[in-house]
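K.L.:
At position 162 of the sequence shown (counting the first as 1) the number is 162 in UniProt numbering, and the numbers step up by one without a gap.
These aren't lab readings, by the way, just hints derived from the structure by calculation.
Beta carbons are placed, not taken as given, at the ideal position from N, Cα and C, and that holds for glycine.
Please note that the accuracy of each hint is not assured.
Computed list of lysine-lysine pairs in PhoX-like fashion (alpha-carbon distance at most 20 Å, straight line) [to be verified]:
id : residue 1 : residue 2
1  : Lys214    : Lys192
2  : Lys238    : Lys205
3  : Lys102    : Lys185
4  : Lys102    : Lys192
5  : Lys185    : Lys214
6  : Lys54     : Lys102
7  : Lys192    : Lys54
8  : Lys185    : Lys159
9  : Lys214    : Lys102
10 : Lys159    : Lys102
Estimated spans, in silico, between C-beta atoms of each pair [stated by the list, open to error]:
id : residue 1 : residue 2 : range
11 : Ser85     : Asn222    : 29 to 35 Å
12 : Gly191    : Ser228    : 29 to 35 Å
13 : Lys214    : Thr87     : 35 to 41 Å
14 : Pro236    : Asn127    : 19 to 25 Å
15 : Ile177    : Gln89     : 28 to 34 Å
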Amino acid sequence: MRSRSIVTSFLALHLFLFQNISCVSPLYFELNFTESNHNGAATIQFQEDAFYNKAVRLTKEEMDGQIAHSVGRAVFTDPVTLWDSTTGQLADFTTRFTFVIKANVTDGSYGEGLAFFLSPYPSVVPNNSTDGNLGLFGSSADQSGTSNQIVAVEFDSHKNAWDPDDNHVGIDINSIISAANVTWKNSIKDGKIANAWVTYQASSKNLSVFLTYKDNPQFSGNSTLSYSVDLREYLPDKVVIGFSAATAEE
Numbered sequence: 001m002r003s004r005s006i007v008t009s010f011l012a013l014h015l016f017l018f019q020n021i022s023c024v025s026p027l028y029f030e031l032n033f034t035e036s037n038h039n040g041a042a043t044i045q046f047q048e049d050a051f052y053n054k055a056v057r058l059t060k061e062e063m064d065g066q067i068a069h070s071v072g073r074a075v076f077t078d079p080v081t082l083w084d085s086t087t088g089q090l091a092d093f094t095t096r097f098t099f100v101i102k103a104n105v106t107d108g109s110y111g112e113g114l115a116f117f118l119s120p121y122p123s124v125v126p127n128n129s130t131d132g133n134l135g136l137f138g139s140s141a142d143q144s145g146t147s148n149q150i151v152a153v154e155f156d157s158h159k160n161a162w163d164p165d166d167n168h169v170g171i172d173i174n175s176i177i178s179a180a181n182v183t184w185k186n187s188i189k190d191g192k193i194a195n196a197w198v199t200y201q202a203s204s205k206n207l208s209v210f211l212t213y214k215d216n217p218q219f220s221g222n223s224t225l226s227y228s229v230d231l232r233e234y235l236p237d238k239v240v241i242g243f244s245a246a247t248a249e250e
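Input sequences plus hints: build the corresponding full structure.
P.N.:
As structure tokens, then:
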């Protein structure tokens with residue numbers, strides 16, 4: 001049996017949440033996880049196999065021994081107000097993060113992928129959420145349905161039965177089967193630094209993701225993938241924001 005491992009390093013994250021809600025100031029925070037500046041780790045809760053070692057690592061690594069069926073989440077410790085429960089007003093948000101998906105140096109294999117997600121606060125890692133479930137969903141019976149309450153952007157590096165291929169970006173709404181997806185033209189698992197922006201516009205209900213591997217990239221509102229969704233229909237007013245990943249065995 002050959003384990004598929006994933007080395008996922010988050011180098012930096014910037015979140016700007018503009019809450020168009022009366023008397024509420026915009027929320028902005030910036031976390032830098034580079035080797036020389038790791039103060040952001042203090043505001044992160046590490047769940048299951050996730051840990052910090054010069055960067056945020058979401059799953060086990062080879063030095064930890066058994067790396068198959070590993071799952072981990074890194075989430076912000078405080079809840080974020082996504083919409084006003086009294087007025088129903090939604091918040092706009094923009095988040096930028098950089099990450100690396102790198103091969104298992106032993107056999108060159110990869111993990112299942114990783115995801116940026118929003119879910120009810122506090123974060124709870126479902127049982128049986130390894131493999132293609134990306135730490136987001138439980139057993140096959142729970143992979144879709146209104147009871148899940150989760151919205152995610154996945155960067156998928158392995159083809160499962162429900163996936164178009166082993167190299168795609170997807171937007172997941174209460175299901176591991178993406179509501180929208182696009183095949184990435186280059187490899188997302190070659191160890192290069194990826195830059196991603198996830199944005200939400202409350203007025204248009206547009207959730208978008210932009211992915212690039214360019215050096216010193218500039219974001220001008222363009223997108224790799226977008227999907228129209230009213231987040232109030234799927235998420236509570238206060239949510240947890242975080243990242244999740246999983247490995248499998250084949």
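K.L.:
All hints, please: hold or fail.
P.N.:
Verification of the supplied hints:
no. : hint                        : result
1   : Lys214 x Lys192             : 10 Å, holds
2   : Lys238 x Lys205             : 18 Å, holds
3   : Lys102 x Lys185             : 18 Å, holds
4   : Lys102 x Lys192             : 8 Å, holds
5   : Lys185 x Lys214             : 14 Å, holds
6   : Lys54 x Lys102              : 15 Å, holds
7   : Lys192 x Lys54              : 17 Å, holds
8   : Lys185 x Lys159             : 15 Å, holds
9   : Lys214 x Lys102             : 17 Å, holds
10  : Lys159 x Lys102             : 17 Å, holds
11  : Ser85 x Asn222: 29 to 35 Å  : 33 Å, holds
12  : Gly191 x Ser228: 29 to 35 Å : 34 Å, holds
13  : Lys214 x Thr87: 35 to 41 Å  : 40 Å, holds
14  : Pro236 x Asn127: 19 to 25 Å : 22 Å, holds
15  : Ile177 x Gln89: 28 to 34 Å  : 30 Å, holds
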